[in-house]
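Going down the list, the sequences are from chains A and B.
Going by the numbering used here, the first sequence opens with residue 1, and the numbers climb by one from there.
Going by the numbering used here, the second sequence opens with residue 1, and the numbers climb by one from there.
Quick caveat, the hints were computed from the structure, so don't treat them as lab data.
Not one of these hints is a red herring.
Each pair of labels, with its calculated beta carbon distance range:
1) I387(A) / D110(B): 45 to 51 Å
2) L445(A) / E23(B): 26 to 32 Å
3) T507(A) / E23(B): 41 to 47 Å
Some residues of chain B that are not near chain A, with every Cβ distance over 10 Å (derived):
4) T4
5) A37
6) R44
7) D64
8) A74
Partial list, computed: chain B residues near chain A (C-beta under 7 Å):
9) H11
10) G13
11) F14
12) C17
13) L21
14) S83
15) K104
16) S105
Remember, it's a predicted structure, so these values are computed and weren't measured experimentally.
Glycine is no exception: its CB is placed at the ideal position from the N, C-alpha and C atoms.
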Amino acid sequence: MRRDLRTALIGLAVAGAAFAAVCLALILTSDHQSPTDPDVVFLAGNIGFIETGLLTWWRRPDNRFGALMAATGFAGLLNHLTASNEAAVFTLGLFVANLVAPVAAHMLLAFPSGQLRPAEMRIVALFWAVATVLSWPALLFTASGPARRGPWPENLALVTPNDAVVTTFGILRGVVAGAGVIAALAVLVGRWRRAEGLQRRAMAPVLTIGVLTGLVWGVLVTVDGVDPESGAVPVLQWVMVVYALIPVAFVLGLVRGRMFGAGAVRLVVAGLGDAAGPGGLRDRLAVALGDPTLTLAYWLPDQGRYVDTAGRPVELPAPGSGRAVTPVETEGRVVAALVHDVSLAAADADTVRAAGGAVALALENERLDAELRANIAELAASRARIIEAADAARRRIERDLHDGAQQRLVAVALSLRMARGRIRDDPATAAELLDAAGAELDQALAELRELARGIHPAVLTDRGLGPALAALAGRSPVPVELDADIDGGLPAPVEAAAYFVAAEALTNVARYARATHARICVARVAGAARIEVRDDGVGGADPDAGSGLRGLADRVAALDGRLEVVSPPGGGTIVRAVIPCGS
Amino acid sequence: MRTTVLIVDDHPGFRSCLRTLLEADGFAVVAEAGDGAEGLRMARRHAPEVVIVDVGLPDISGFDVARALAGERAGPCVVLVSSRDAVDYGGLVAESGACGFMPKSEITGDAIERMMSRR
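For reference, chain A alone in the conformation it holds in the complex (with noise of 0.2 Å):
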């Protein structure tokens, strides 16, 4: 890849070479253009043009700027055409002469990431108008222009000679381009006011001469629209100068940038002792590099995820957010990313890179702090859901109580007292009442079974996991496999967690997996319990959704334990506990 990429620089700039060559030789030998015109400096321009933006184009592949710098020579070069004493070259010349411009801006706005935002597009796309749909027509109607030495050669597309049509055009097309200039001007400006220390001096001299450029050809532009006859040489030899000095600033800028990169470096490393206490890091990478709004997370491996100095979870800023992510590696491991502006990755993605390498091991200290504080947040947030859902819980049998067996034994009560009341002149009515009686105590008495089941399954504690899992499936609509291999039992807590996750998981496979078949399986692994159920049915689960399964990871992280929730759509659940059983 490296090496087709370098074939074809290499191809381009021999391209180049030779399309200057012919470019330079038109020039030389124009009877309408003189050597000594603004077009040799705009000639070396464009040459120093392709072959900067080649150059970089080499060394920042994942960069656009390189390839528009070479695009805009390139473009450059297409306005020498102009200088042919031949008809059809030299036509074909002004219709292309003016190519440059919109390229060059959109090389200038897209500096130095390489890419344009909408905003930007909508500032290109004047610039297109006014090379070609503002220029074009007129074309049609201009007989002679601005000639420096001799009268020009026959415009082949003109149609008649009308100097009010080339005139009014000539006034759109510089109030277009005024227009977009100002525009152009208010980003560049507004960009390098929002860089910062080091940065800013990096990115001043490619903004100042592009600023510089947009200034003077605008100017020329709209005088040049105003009076096609103006002649305005001088002005146009400024221009030229202005253009031809952007592919120096621009090195200028590479070195500079370098010398940005290492003074980062040296400033983030100088600055490591004074970095202490929690955010001194980011302080100091902050200013070194030159941006106010990066931030630093660190990653936790044991967890998948990345957190803040605080231990707070952090979500990395997604492709085309305007945030840019740079890991940070030590030993070949990721300890944290450095999340800041896309400009910066852009301006040198090298620098921000090696500020992160020169502080990895500072920052592999802060990421223990703050997976040490994951971690304390993590306990404190889980012990507050375990006594919420031990809440829950108690709410939950008051309820029941409440809504059935005290509903059942209140209505005995009172057919008890009609009872009484008939017994002796209606015992019939009294015998129905005493039957109703004794069907709402059976249903106490079930209720209140099922329920002191929900709180501790007495199965449990008597005869064990196994039997108690048995029990379990055993109620269960959907026809479930067990699968226990506990010889020698395994301690209460452990025994409890994993019955409790099995009832769970089975009360889901019941109410939501549209399963039609199940799996417990339970064994002691490694000192550990370990407990799986799974289905066959839509899968999909979200452990995150429902307080069940959460409630239930908190449970058997007491116990130093781990839930995993396996669900694809469509692939059936897995859930699968593993619990140590202690010494």
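Let chain A serve as the given structure and place chain B on it in line with the hints.
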């Protein structure tokens, strides 16, 4: 002339049982309601002399029903009932404007008439 009664409770089984008991004791149960809003509508439509209201209703509490009926002119005697004890509710019964409170298991026609006479 039998005393007219409205029963407001979300448990149909209890409503049915209480209707049988009250009718056997000489009361006329004019309507039943399963929640507070329906209870208020029925009370205004039938104008019963006694409204027996469960404290724990699914929409509004029995105290709210009692407060709303107590604020009306010539309102009925509201008897709050629950399967819990009166002590579970502290001073809420007195503040509600109800005639009194009765545990569900102790409801009898005599007890309701005594409560009406104390009004």
